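J.: Here is how the chains run, residue by residue.
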Amino acid sequence: MQQAREFASLRHTLLPFAIMATLASGACKGGPAHEDPVDAGIPDAFIPDAAIAPALFNPRDDLADDVLAEQALALMGYEADPTESTCEECHGLTRQRMRYWRAITDTSISTCFTDLDLFTEAAAKTAIDCMREEPTVPSSAYHTEAVGIFATGAHLEWFDFAFKRAYGDDYQDKYDTFKMRVGMPQGESPPFTQEQFDIVANWFTRGVPALDAELPEDSVPTECLPGVSAAVASHVTEMATTGWRAVNEQNNLLMFGCADAATSFDCLSTYPAAGDETFSRGWNVNVANQQLRVLRENGYRSNFWTRSSADGRFVANGAQSGGASSRIVDLLRDVSIPGSAFYDPAFFPDNSGFMFQQNQAYLCDQSLLVSEPEEIDYESEANCSATENVGLYQQLGRALDSSDYWAIDGQFVSDNGGRQPQSSDPRASFSEGSELRLTPLIHTGLAYEDLDTIAVTTPYEGDAVLSSTAKMVISRLRGPEAKQLGFVMREVQSTPIDNGYQVELEEVARYCFSGGKPDFSFDDRWLVVHHYIGDGDAVDLGFTGPSDPGFEEYADRGASNIYLIDTLSGAVTRITHMQPGQYALFPHFRSDGWLYFMVRTLGEGTEHIVASDAALRLEATP
Amino acid sequence: MSPTRSIAIAAALLSGCSAGDTSEDCALGNARLAVQAEDRGILGAGAPYTPNSMLRGQERELHSSQILRRQAAWQTIAKVLAPVALAQDLPNVPSSEIPLWQTWYAKDDTTRIFQHLYEGLASGEKASHARFDETDIDEAFGWNATEIEELANWPSERREAYLDAVDTSDKLAGLGGIALVGYSPSALRHLLRGYPELLSCLASGAPEAFLDTPGQSIQQAVREPVTLPGCASRQFGPFYVGAGESLQVELSGEGREEASIAIFGMGEGKRVQCDGVAACSLALEGAVYVEVTAGIDAFTGAVQVDYATPEAPWAGCLDGVFSTDSVIIKAGWSRAQFGQKLPVYDTSSDAIGTTLSANAVAGWGAPTGEADPGPSEIYTIERPNGNRYRLTSFHIMTKELDHWQWITLWWSDTPDSDFGEDRPALIEDLGGAWSNYKMCTATAFDEGDPDPSGGYSEMAPSLAAALEQVHEGVGGPSWCSNPYLEKGPGNMATNCIGCHQHGGVDVLSEDIIGDAEAFPHFGRMRQRNNFPHDYSWAPASGDNLTLAFKAVVDFFE
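Just so you know, the protein sequences line up as chains A and B, in that order. Under the numbering used here, the first residue of the first sequence carries the number 1, and numbering increases by one thereafter. Under the numbering used here, the first residue of the second sequence carries the number 1, and numbering increases by one thereafter.
These are calculated hints, taken from the structure and not from any lab test. It cannot be assumed that every hint is accurate.
Computed list of lysine to aspartate or glutamate pairs in EDC-like fashion (alpha-carbon distance at most 20 Å, straight line) [what the hints assert, rightly or not]:
id	chain 1	residue 1	chain 2	residue 2
1	B	K341	A	E157
2	B	K550	A	D450
3	A	K179	A	E157
4	B	K341	A	D452
Owing to the predicted nature of the structure, the values given are computational and were not obtained by experimental measurement.
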């Protein structure tokens, strides 16, 4: 019920007084729109006649989450008599699909159903046009996705009222077209009554609570249904002022390369731009005014992933050459510090420390790097401590305004591309029993102690990554033949209890894009990921197809590009166009929104550290 | 729940702690739970500590009397714990006061303030690592206290909600954060002013243990803002001036050309009169007073009083020694959630005697039990996110003595026995849980009190018995160790001052305690005639302020 209340609260935010006024009125019983005089508080200028809108749906706060879930699923056809026509006739009632419908419903609430009162003709037309494929083109077709689960109520009174308010007495044809196009269920199935629709609508607007209890686990996914719930927007809004980006900015974190910068766009301006030299020609694409800066050519080959300090000064990775098993580049001094660690560096979001894997994880104070060490022996270094409790491929996030950290681990697939030609993303061979394991590391006052690990089953998902705030987690989703279908993002709801934390993971978004292990921006506004070029990318790269002669070199030598995923919209933007044999890999954010990635080139012993302000450019674009 | 293993998230060696804190707990602390801008806006600028400027005149008596030593320590504790008003009134708690030390600065504040100051230097000043002006530091302290008002992510509505959310005494206490190390305003001021020397020593190393080079060591006694109407006077002091020392007074600000300075002893003794333009100095052992008189026009500025001693530079990696109103604290916290219990340590005579005689090298060893004290029994705070902590232990080092006054408090489930038996009423009067802490203190490397019981046999017999266990004879090493903070081998047999003399030297605390040949008596005896960081570990380990400063300096170079 708590979840339901949160969604109710959210809904009230998204649907300003309109829905509240409607629900509070006598029209809240699903009956016909009555002709009572309108509330005196509503300006007359907005009221063309005395009619007010009926309720889109009526609240069912009397039903507990599990009861609501059971009734809603039954109405949609779960475990129904096979002879009956139901939603399931056309759509498999899977957990994924329910979450997808929830996500598009959230989107529709925040876009098309912001004004349920429809006091004016214009308001009604705006709402109706919003449900078209192209809202700015009044002649474009109606689009079911834009309507969300409310499509199952297209025949009910609110929609009838909306069309009548928009088009007057001649509305019927238009309304019929709408119902025919988006109304659900299609075919011979009987539509919901208002009472039935109320149950279904309430369940979705509450955020499909008790879904996992009512529906069995899905089988191996064969499709990816993209969707972003309203919870993401709410979270991102909150993080804009309280996330690590805001906190670090508040703490005046000195961002590397920004000493003389008036704005973030002016950072790193002393470094050569991509395209200044032949090897980097053509890299910069798709984002207006994007700056790609080549920060350094490393004289060694890195091993597995690369991560950087929150201030962007230090860039760390394992090393395959150069006489050390790992290195941390100090961009300020333009040196690389050899170290005894092996791979998998991670930096804390508050710029306080970092972690590196050797035979176990070593956690070090970041001041060690400022002290300009000639090399780092992690076993003997006084500013580092070992722990066996953070395993390989684990990640740490730090709760905001808190002393506590979270470690996450689970099934993973190694990714060390750019050494051999590679034309596909890492496999996603995650099992049905795959678990996402969260371990709270609580600050006891002087030290950290791990509490019991909380395991959550996430079938067919792996390579989980925690956001810097420890409030979001994203994982790669397996599809047929262990190929990746997309990413699943969940909100981490952790609550202190007597003997530890209670954790709930709620799926809030699904991004249908394939790539390596992603990284969150410090405000959770963006995800960045690399994707290995395959035949399916040929057209996007400007070729006629995979058989285009120009694509042949890509097919032979492979390459990978960097992509940004907008967590709010799910929009994917490719921000590089690497040359054949060039692998842009392991992108990750620094605190201010710039992102770094490595470029490995087949057959070469050197690599480049490259920076991009693409996310900053995109978020500044209206 | 199985809180089974400790993890080092930030392997910061602690500043301000007994250098011998070699345990994992000590090594794992961090200072990143400190006061943020939103908290500082409520706390206001750090409140000053009012020193007993005459205490240094009693150094010999303190050395030879455990009673005087403890009495002085309790008085210091009372001042450090005394409630002071917040900068903002909180609408939902009955009192808007917080203990003095909780208004002080931690690493977060320090970094913010240093960065603000350094950014304000001209490029040439940055290149030469110019020292910050006192007035610029004043401004920076003020800016830090009100920075919240400039932050875009803290609009007034959010700030008001933050204030409103403070609705319990625990949450009020939580505004002070749980930074491990805190610096009084004067202590921080000195560290900020000393950044050129700190950076220099980082590059070239600390001075040798013994220096023959004569020089003049300057210690600031006080720096106080003053506004005097025309012809008005104000007296400062007394200040205790030691043999061979002189007291120097200098004015800064408007109207100093017309102002005058008088320095004089008690009665009809020696007196010197100077104009306000230049520094004024008087060499006179004993209690000395200063009087500043404005000219016809008002004087608005600051009066700075310094001690000058002809000897080897005392603190070669700082701008002289800390001022007498400098205090550095270290607070040991323990989480009060998730079923976490407090370990309990027995510091009775029997327990200490058994542990010390049987296995001093092993340290305090395992606790004798567990406790789950509530907020009325132990000082408890709650951070805005709901995290709750108990204050288990508390170090205080004040510069009222040349070699500092060393005090440590620890919580006890039997607070009125042994090291708590002589707790005076002025601590009881503070209320709350402060009467549940025991205390030990040291003012010198060696013990000067010939009475093993410290003179407490009759007035506090359990304290007397406990002191007897740690008394190693006149001339032997002194003792003061906190079971919650002095963890690890040998750390039970330490005295704070011994390890801290090496502050700024490239030596690990575990080596000081563990290398009996190089550092006898667990490092408790004096081994230097100069103290690069004036006994503070903060610049070179733990908070490692020098590297925090260096990161900023590097950024702008």
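J.: State for each hint whether it applies.
T.: Hints, one by one, checked against the model:
1. B/K341 / A/E157: violated (61 Å)
2. B/K550 / A/D450: violated (33 Å)
3. A/K179 / A/E157: Measuring from Cα to Cα gives roughly 12 Å; hence the hint holds.
4. B/K341 / A/D452: holds (17 Å)
In summary, the numbered hints that this structure violates are 1, 2.
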